[in-house]
Amino acid sequence: MGAGFQCFNDDGVVQIDADWRCQALTRAGGFGASPNLQALSVNGSNPLIFFRSDGRIHLTDRRQSGSTFTFYFYAQQAGGVFYVFDWSDEQTNVGFQVFDGNGALVFDAGQKYLRVAGMETLTANYTGSSSFRSMPGRLLAFLGSGLAFDYYSDQIDINMYDVNRSFSYLTGGNGGYYVNQAVDNYNSSVALDGGSSAMCLIADVTNYPTNR
Numbered sequence: 027m028g029a030g031f032q033c034f035n036d037d038g039v040v041q042i043d044a045d046w047r048c049q050a051l052t053r054a055g056g057f058g059a060s061p062n063l064q065a066l067s068v069n070g071s072n073p074l075i076f077f078r079s080d081g082r083i084h085l086t087d088r089r090q091s092g093s094t095f096t097f098y099f100y101a102q103q104a105g106g107v108f109y110v111f112d113w114s115d116e117q118t119n120v121g122f123q124v125f126d127g128n129g130a131l132v133f134d135a136g137q138k139y140l141r142v143a144g145m146e147t148l149t150a151n152y153t154g155s156s157s158f159r160s161m162p163g164r165l166l167a168f169l170g171s172g173l174a175f176d177y178y179s180d181q182i183d184i185n186m187y188d189v190n191r192s193f194s195y196l197t198g199g200n201g202g203y204y205v206n207q208a209v210d211n212y213n214s215s216v217a218l219d220g221g222s223s224a225m226c227l228i229a230d231v232t233n234y235p236t237n238r
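In case it helps, the numbering used here puts the sequence shown at residues 27 to 238.
Hints are not guaranteed to be accurate.
What follows is a set of in silico ranges between Cβ atoms, one per label pair, in the way DEER data are often shown [stated by the list, open to error]:
hint, residue 1, residue 2, range
1, VAL120, GLN90, 28 to 36 Å
2, PRO61, VAL40, 39 to 47 Å
3, GLY56, ARG141, 17 to 25 Å
4, GLY38, GLY105, 38 to 46 Å
5, VAL142, GLN103, 20 to 28 Å
6, PRO61, ASP37, 44 to 52 Å
7, PHE34, PRO61, 46 to 54 Å
Everything labelled a hint here was simulated from the structure, so no lab data went into it. Backbone N, C-alpha and C fix where the C-beta goes; we use that ideal spot for every residue, glycine too.
Given only the sequences and the hints, what does the whole structure look like? Please build it.
What follows is the structure, given as C-alpha cells:
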C-alpha cells in the first residue's frame, strides 16, 4: 500500500491493512443431518461459508441473486455448525476501528474476524489422509474449494474432523485437525477438479458464537 494504517504480528505478517477490508463473522448457526440437499441463504457482499461437523460435507454450489447468496450442501452423516464471514459495515462502537480512504469499515475491535489457521492442498484422484496438525485447545472449521463436487455419482468428499471429537485415538493429537479426502468413484485418468489441486482453508473459530 502507498499510505495508511498497517498492523503486523511478531512474525511480520500483516494483520490489518487499511487498503484491505477484514471479513467478519456475519452469521452462524446449526444444521442437521439429512439425506436431502440443504440450502442456506445470506445477504452480503462476498460471503464465505465454513463448516464444523463430525461427518462429510458436500458443498455443491453457491448462487447469487443481487445481494442474496445461497449455499447448497449435503450433510448426510451428521449435523454441525456453519460460520459465514463477509465484509461488514456493522460498528460496535467499542474499541479500536480502522476505515479505508473511502470511509468503509476495515476493522472493528468488537467484531469476530476470519482467522486463518492453515491451508491444505488436496491431491486430485486421491483417497486417504491429507494432513494432520496439532493445535491444542482450538476449535476449527473448514472451507473446501476447487473441487468438482458431484453428489449423485458420489465422486468426492472432503471432511475435517476435530481430533478431540472424532479421532481421539491418534496419539498426541489432542486439539489438532485431520483433513480427509475420500474418492469413491472416478476415472483415474481424469482429475476430478479439472486438473488442479483443490484447497481446504482452515479457520480458527475458538470462542466464536454458534448462533448469530
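Of the numbered hints stated earlier in the document, which are not met by this structure? Structure breaks no hint.
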